[in-house]
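Visitor: These protein sequences, in sequence, are chains A and B.
Be aware that the first sequence starts at 1, since it is given in full-length UniProt numbering, and climbs by one per residue.
Be aware that the second sequence starts at 1, since it is given in full-length UniProt numbering, and climbs by one per residue.
Hints may be right or wrong, so weigh each one.
Copies of the same chain look alike in the list, so a pair counts if it fits in one copy or across any two.
[Said to hold, decoys possible] List of simulated lysine-lysine pairs, BS3-like, C-alpha gap at most 30 Å:
# : residue 1 : residue 2
1 : Lys213    : Lys90
2 : Lys90     : Lys223
3 : Lys90     : Lys69
4 : Lys223    : Lys213
5 : Lys69     : Lys216
6 : Lys363    : Lys488
7 : Lys187    : Lys320
8 : Lys90     : Lys555
9 : Lys90     : Lys216
By construction, these hints were calculated from the structure, which means they are not laboratory data.
There are 2 protein chains.
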Amino acid sequence: MLRIAMAQMEVIPGRPDINTKTMLRMINEARQQRADLVIFPEMAIPGYLLGDTWEQPAFLRDCDYYGRKIIAASDGICVVFGNVAVDWDKRGDDGRVRKYNACFVAQNGALLGGENFPYPFRIKTLHPNYREFDDTRHFFSLRKLALELGVTAEELLQPVTAWVNGRPLRLGCLLCEDGWSDDYFTKPIEILRQKERLDALINISSSPFTLGKNNKRNRVFSKQAADSRIPLIYVNNVGLQNNGKTVYTFDGFSTAYNCRGEIIAYCPPFQEMLHCFDLDLANGGLQQPPLAVPDDSGIDSIYQALRYGVEKFLAAIGMKRVVIGVSGGIDSAVTAALYTQVLGPDRVLLVNMPSRYNSPTTKSLAADLARNLGCLYTVVPIQQSVDHTVDQISRTPIVNLSAGGEQTLEVTPFMTENIQARDRSSRVLAGLAAAFGGGFTCNANKSELTVGYSTLYGDQAGFLAALADLWKHQVYALGQYLNDEVYKQDVIPRKTFELVPSAELSVEQAVDEGKGDPLIYPYHDYLFRAFIEHWHRAAPEDILEWYQAGILEEKLGCQPGLVNRLFATPQAFIADLERWWTLFTGMAVAKRIQAPPVLAVSRRAYGFDYREAQNGPYFTARYRQLRAELLQEG
Amino acid sequence: MLRIAMAQMEVIPGRPDINTKTMLRMINEARQQRADLVIFPEMAIPGYLLGDTWEQPAFLRDCDYYGRKIIAASDGICVVFGNVAVDWDKRGDDGRVRKYNACFVAQNGALLGGENFPYPFRIKTLHPNYREFDDTRHFFSLRKLALELGVTAEELLQPVTAWVNGRPLRLGCLLCEDGWSDDYFTKPIEILRQKERLDALINISSSPFTLGKNNKRNRVFSKQAADSRIPLIYVNNVGLQNNGKTVYTFDGFSTAYNCRGEIIAYCPPFQEMLHCFDLDLANGGLQQPPLAVPDDSGIDSIYQALRYGVEKFLAAIGMKRVVIGVSGGIDSAVTAALYTQVLGPDRVLLVNMPSRYNSPTTKSLAADLARNLGCLYTVVPIQQSVDHTVDQISRTPIVNLSAGGEQTLEVTPFMTENIQARDRSSRVLAGLAAAFGGGFTCNANKSELTVGYSTLYGDQAGFLAALADLWKHQVYALGQYLNDEVYKQDVIPRKTFELVPSAELSVEQAVDEGKGDPLIYPYHDYLFRAFIEHWHRAAPEDILEWYQAGILEEKLGCQPGLVNRLFATPQAFIADLERWWTLFTGMAVAKRIQAPPVLAVSRRAYGFDYREAQNGPYFTARYRQLRAELLQEG
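Just chain A, with the same shape it has in the complex (with noise of 0.2 Å):
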């Protein structure tokens, strides 16, 4: 019987010293529990995203001496961590001392498996460079150093042989996407599971959390542990990391399959914690009883991990108060109630700035909402101040002092709207922020995002943008699971859902009207979906082919027959298509270059997830041949 103890710590990147601190703590821990083995996650020692801190050397030489501590405290425990394993005689392809993204395995103050890998830790064989990751630009991979050694990954990809209780403990030792080789030509599980006697495969990983990414995990990592017959032990990390634009929660889940793919242990996802369990390894973990685990596909996990996030972000700068403008919507009123559970109300303060265009109906639901939750509220007018820099800007006179010559600039109504969000963020809540000592919340959400509806330097300005990653059905979804099931209450008034979305910044935006947002949210939430978050990224030649075939609301997963309802005529559609399609890749990129970091929960959040470049909008050959014909037909 191997007793095994899951070290589900909190990492916190960039801190060797902290994060040694914590597994030095567990791992006395793991020795109360009488564990022979103690698992912690990948880059458990400095942190995953770092940027380009990997390049510092005296960084690496820190990793390094707080590495030598967590192997001196092995005795008796045999310890499993990840660490970058720095070669100083050798270079990576950038030139500089080579890294590896490595695993240990320590035991009585030493380390174990040199004997047949030129080097006493292993490797990553696996390097993700999608999405957030960036592998490559720091580490030096299994893949690479076989090539260079002239032999093949089969020879370099062998077992760690530990000893416990007096006899071989056989392991095959994974980093995080080794475990995930599904589009790779090499397999490291399906290598390793061809080498005699192997116990037990461990997956140490730094896997950030994404909505559904646990159901996937646990459908691929149990056929993995049941193709193999061997039981197969998951080890995640906690916490926030973040690449600047983009920041990840990581959820843990923590997981132990048995030799047939059965759960037979796991830790909650969100919480540090150290999880023991018993793997009788004659009979590959089969004596408990099976386990399920939570979905983590639903509006819960995005309230958990949101709630998560920013509970964590605030730790990491420092912050203890923030200020939220609240204008009677939606995304405010959701990113309230998000803040309040996370610092209660005391350290919340709504901020209503109405100008001449806001109803009585918004202004009293902030009111109502501060009310609800019990924040702290403050009504700070706009219109004193829109109405001296609309003066100013049109009647100070320009001049040429060489040339002669004086002319004055006309302020439009569109100005005007833009005018009035940036005073609201840049002049207002900045300076409250300041004063009530924090920072104000960005509340944009990702439909909006996408198309940069929003004012830079004014309703897209914040220290976070939190709701960022959320469509706009998911933000209402969001407020509905906030009043049913976190405050068992409606903090956010129903009349907050009824409303017609409106920035009401004009009187064409006037919500007692019926008049808001030009977005369609039913159906430009799924049409920007494809845009970004599809698989094979939708770009409008995808979207004309589909409507031509009549398929279009199938293949965005939106309402049956909603496109012929909104859209009389292919003109009609096509302006629509164009219309966002210009923004999005357009100003939208330049408004998203200077937004906030963004919470990520989907399968691609903006920022360093989903990279771009300033190049503007495009429209392929097919597209246009596409969209003569159906201008013709139409």
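Guided by the hints, dock chain B onto chain A, whose structure is given.
Guide: This is chain B only, laid out in the frame that chain A set:
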């Protein structure tokens, strides 16, 4: 005799339609000039820096469509060009359709080279994944293909044979990084030159400008040609490409080397041109006298790159007019002089925005600058608006609607500094720019950006940060160059150079009393450069080691003796170091996440080139030890 046309075209990223037109025009020109061979850059059809546009199948089909047009246009001439090549039946490591960064050789409507390679094109062997490069994210390398096919890179790297004047012409085709193999264990040129009867090496590139890079390129490529005893022709594109946060100029500087490594032809930088020359293959191109190529490491090259970059960026986003806030200081003056060169004075509106803290000195310098440049000019005072904001924030009651209670907030002098900065940019400049029909510039330099010595939504805002890759001393040098060499008169007033640099946001920053920025540029410029631009990026640990060893100035490249003059004690030195390191890796990261695109000139620019996570400051164990030692001694 072989007649070669180097097609140094301007590649527009993401525009296969426009690029194909350019190429067809240049092929015709080459044919008219009786060229046997015309060579285009890497990724000539799609462009190179496209973010994740590579994930759109529609875009890939479009590149293929336009690529076939080029192949069809190769009647009677051999056309070498870069494009993405798609194998729709295979997967990349990300599971999407497989893409190669490929070099096509077409002649008489057909592709050459399929007889000794799995595809009728060549693919890139070495993939850069440092700085702004993400090749492995998008493309499948020759090294990986070799591994997949179970053959060696040596077997796959074969010349392409074209037929010119009835004789075989054996070309060794390289793509960009393939020529920079020093840090890789696979050396494409060494492999190719072993192959029998190679007539020429061709390197098609899409290589962004970096100060001094062409000097290095000439050393490296000249050696390659000489070592191989084979002529080498390097063709690079011009134009502007970006990765969102960072904007790159491409200098072209296409160059041909004879078999002794001497330069026999080149295209001047930053100019689209087709350059024809004759290469006598019988004697390895030794018939022509060697040429000298201009140095590209001086302030003139910085000016050339910035001017070209600003011009192309404005054209790319369709911006024809700009507003520039001018303070009387050097950064805004240099920005104004630079944009006026690009747009002409009538399309540049300079705005001075005094508060009560701005001196008559700087106000009059701003007007002098406008007069000297002949730009449009206006003065928009901000004091009234700032007073109103301070008044609203400090007097509006904050209430708790559910629990009762009322309070007000205090606005400190530091907060009022930021209120001024935001008032200028987000209120005045943004509004004025819209009314003027353009955007407003960000005038920040690299020293400020490094430590966040600027206000978010304030002086850090703008559509482009054109000087943000220049240290403060480089901004001064550029100002001098503009006066001396570009305008040939002191358009930037002498006094602007002599003034103490200051934000003038409080009485503590009164320029006429010699008070200004807390940054000591002759030292901090060099300290910060070590943090970000040094090859082995320096951390406080390294700085203390150097300080202790008395070699700090030498390591940083600043004035000898400076450090001890500035800091009387180790305490003072350490306090300064920790202050700026904490800002650099703390608040400044948060600010950079929302900063405008940076126009890159150095070997490491902020944004996508230098990737960073918002993880907060960290001091290594060894730093803390050194610190303790120094403070004990001190």
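Visitor: For every hint, state whether the structure bears it out.
Guide: Status of the hints after comparison with the structure:
Only between protomers do Lys213 and Lys90 lie at most 30 Å apart by alpha-carbon distance; the minimum there is 25 Å, versus 36 Å within a single protomer. Taking identical chains as interchangeable, the C-alpha atoms of Lys90 and Lys223 lie at most 30 Å apart only when they sit on different chains, with a minimum of 24 Å there against 38 Å within one chain. In this homomeric assembly, Lys90 and Lys69 come within 30 Å of each other (Cα to Cα) only inside a single copy, at 24 Å, whereas the closest approach across copies is 46 Å. For the identical chains of this complex, Lys223 and Lys213 are intra-copy neighbours only, at 15 Å inside a copy versus 51 Å across copies, given an alpha-carbon limit of 30 Å.
For a Cα distance limit of 30 Å, the shortest separation of Lys69 from Lys216 qualifies neither inside one copy, at 36 Å, nor across copies, at 43 Å. With identical chains, the CA atoms of Lys363 and Lys488 are at most 30 Å apart within one copy only, with a shortest distance of 24 Å there and 59 Å across copies. Proximity of Lys187 to Lys320 under the C-alpha cut-off of 30 Å is found in neither arrangement, the shortest distances being 46 Å within a copy and 54 Å between copies. With identical chains, the CA atoms of Lys90 and Lys555 are at most 30 Å apart between copies only, with a shortest distance of 24 Å across copies and 50 Å within one.
In the homo-oligomer, the alpha carbons of Lys90 and Lys216 lie at most 30 Å apart only across protomers (23 Å), although the nearest pairing inside one protomer, at 38 Å, exceeds that limit.
Violation of the numbered hints given earlier is confined to hints 5, 7; the remaining hints are satisfied by the structure.
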